[in-house]
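Novice: The hints should help you fit chain B onto chain A, whose structure is shown.
Top line first, the protein sequences correspond to chains A and B. Under this note's numbering, the letters of the first sequence match residues 1 to 593, in that order. Under this note's numbering, the letters of the second sequence match residues 1001 to 1274, in that order.
Don't read these hints as lab results, they were simulated from the structure. Misleading hints may appear alongside valid ones.
[Unchecked claim] Derived lysine-lysine pairs resembling DSSO-like cross-links, with alpha carbons at most 30 Å apart: (1) A:K377 to B:K1055; (2) B:K1185 to A:K158; (3) B:K1269 to A:K158; (4) A:K158 to B:K1231; (5) A:K479 to A:K262; (6) A:K217 to A:K298; (7) A:K162 to B:K1060.
The primary structure of each chain is shown beneath.
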Amino acid sequence: MDYLVLISVECTVRAHISGAGHLEFDIRMNHVSFTYEGATEPAIRGIDLEIERGEVVLITGPAGAGKTTVCSCLNGLIPHFYGGILEGQVVVKGIDTTQAGIPRLSRYVGLLFQDASSQLFCPTIEDDIAFGAENHSIPTEEINERVEELLEILRLEKYRGKSGYSLSGGEQQSVALGAIMAMRPSIYVLDEPTSNLDPLGTDQVLTAIKDVVRREKKTLVIVEHKIEELAPFVDRIVVIDNGRIVIEGTPRDVLKDAATMKNIGLKPPQVNLLLGELEIGSTEVPITLDEAYDVLLKVIRRKERRPILHEEAVQVLKRLGPPAIEVRDLWFVYPYVGTTALRGVNLVVHEGEFIGLIGMNGSGKTTLVKHFNGLLKPTKGKLFVCGEDTTAVRASELAQKVGFVFQNPDHQIFKNKVKDEVAFGPKNLGLSVEEVRRRVINALKKVNVEHLIEKNPFELSMGEKQRVNVASVIAMEPKILVVDEPTTGQDFLRGKQIMELTMKMHREGKTIIVISHDMNLIAEYVERVVVLKDGEITFDGPTREAFSQPKMLARTCLKPPQITRLAQKLEEFGVPPDILTVEEMKNVLNEML
Amino acid sequence: MALEYVPGKTIFHKLDPRAKLVWMSVVLTLASMFLDPIFIVVVLFSVYTSIWVAKVPWEKIKQLYRPLIPTYCLYFILSLWWYRGPTVFFSLFGGFLVVTLEGIVYSLANILRFTCIITIVRVVTLITAISDFIIGLVRLRLPKEFGMALSIGLGYVPVLMEQTLSIMNAQRARAWRFEYRNPIKRGRALLAVLFPALFMSMYRGTKIAAAIESKGFGYDIAHRTYRRQLKYEMRDYAFTIICVIALVVGGVMTWYHLAEFDNTVSLLKQLFRL
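Excised from the complex, chain A in its bound form (with noise of 0.2 Å):
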């Protein structure tokens, strides 16, 4: 009956639009504004969206801007799924959204969420990438033909029979791209695929979204702040900002104002951001690091420079102070699971210094900060913070030393005000109400959010949220602070605000210790980077000379900033190949042009 119905309402949307000589649109949307449940502003305001067959269009836009909202829309999650008001129409491969349930709208529109570990529910990953083909009645050889084809695909075939929970994030969001594309969608909606994996993962995810998209030619909405690596990709760029879009054209039209994207929180392309910078009289806007090359090589002249690193190398080594942390012949091994996931790590962090741990996810950078607060203890070898042994000391006593922010602040708010949510801490120290109160005002003060004092910090934004979470951990005052990931499924400006954040403790002194994903934001903070390599530290020095050293990153499944690369590029006509940061290439190249 349903089925009756769903081609009677098909027909229907189909021959208005006909009509309407609009067939070839596998998607329109016209003037779509929405409103959750509950929310008094509307996530998305008029949205006029029309995407043709088999184009590949990036929607990008900073964090709250209504992206998802936008992928909701497209495959009936709104406003089947989510309550509230719809305004304009959706019609989806001719059919109007709101007339067809998701399960039904699930044949045209395969719709892959950010977050990969909720999308895997079945026992292995074959039942995964199986479960929308078998929801379709798909025959049982045929379900079985897909998977087995995707696993060689997507290069999992040798987790066959392993839970999808068992993977790594990459390999996890692989397996939920694969049971999308075992539906056999007509439009692929990928909402941040990549947003919470690391680069190695980044990679597997959008090697294997282009291979789809090359060999089956459908219609791609992929929603991504990695405009850098989607740019040469993509047919057209949609940027939404505050529920409209604000910019709309061909990868180079939008990369044309570099700037104004900046300014807006994206992240575009550093050769973007550079050649707009640069006074050269070219209208080429470059989107690829080789056509950057390839405009600069026009204008460059030879000058010979030595080596940035080589007069920052003293400086960094003046500032050193006592040991914070020592390491020493560090072994762990995960009981139960037996996974040893650090080898022998020796390593000293000084007073005042500023680290980035750097490596791709399983290396051990968790599991060897984990030991800085107590969380894990040594299986062998020994740990001191400011020169106390770690395994005679409680990790609620650390915690007044080693501060740690955690990368999702909900998994440690629980109180019904921001005030209590930040004396938690310090109140668990046993400290007397004044000084908690004097401590939650100052921490709150330093992170800018003395004004949600009385708020209920469940009803923040993201991004406030994880300023009250930095608040309650450095309201501990601790010496030494740890920041797990303040970049993973963020978008740039909320990344950048956290590093501001961290950058701000250690002017006043603090160590500070950053695991992070984000190469650009490293190059621009951290003094000093430390690689892992399954449980093993492969490199420990300045960040320049880690940067300048593509290879040894590359062992690691890494690689330096784009800008880094370019300068490496060009190191033939003198330029330093240890440049990390725009600021830094464009005055370098202001004096060769």
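Specialist: For chain B alone, kept in the frame of chain A given last:
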């Protein structure tokens, strides 16, 4: 631990999950019916044989027993106090604890029954993939929606465990402690984990529900297909027949009181001339 699956290609792995469910039901019934330790040992021996044939690592079984040893010891002592037979060995504390042959046999029988029950459940879950179980249950007329809920629920356990651990770590990093002796203090301390865990579970639950619908669940539930087709083969029929025969024999023995623990008591009396 209960969700672990040990892959293999043995005869027990190849059995249809419905045949395994029949086997498990029969063993559970026999273990519940039999009161004589000798017969329970026979049933238990058959289960151990299956472990050996299915090449399940013994460590998996030992992991199951290890935490139960203190409970077994306590139960053994309590049973002696609870069940007093006529064949007295000695008494302690002025007759408060009387150790009798019947009491020892009775408590041993119950320990063996319990061991038998937990072992068969563990073995069947170790040699059957959850997805096969679910399909088996759906074939046994379990509603498909319920099968899906069960599958997702079981799959969610490790996610929930990791999430709770992350929350505990986040709170411990803020000097949180819950090792209080006072249960009220301990309960209050646990709120710091319970609230975020509840919030995260609700959040994730919504995400999973959205993902399930987005993948077309409910499209045509009556004609939903499965990646794996179960077929009751000859070996499954043979195995089921053996199980049914065992059940009938056990039922007859119970009916005629042949599996009471008196038999073992009499045997031991004759052997040791008590």
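Novice: Now look at each hint and say whether the structure bears it out.
Specialist: Taking the hints in turn, this is what the structure says about them:
1. A:K377 to B:K1055: 35 Å, violated
2. B:K1185 to A:K158: 48 Å, violated
3. B:K1269 to A:K158: This hinted pair is violated, its Cα atoms lying about 60 Å apart.
4. A:K158 to B:K1231: 27 Å, holds
5. A:K479 to A:K262: 34 Å, violated
6. A:K217 to A:K298: Violated - the C-alpha atoms of K298 (chain A) and K217 (chain A) are around 37 Å apart, more than 30 Å.
7. A:K162 to B:K1060: OK: K162 (chain A) and K1060 (chain B) at ~18 Å, within 30 Å.
The structure fails hints 1, 2, 3, 5, 6 (numbered hints given earlier, in ascending order).
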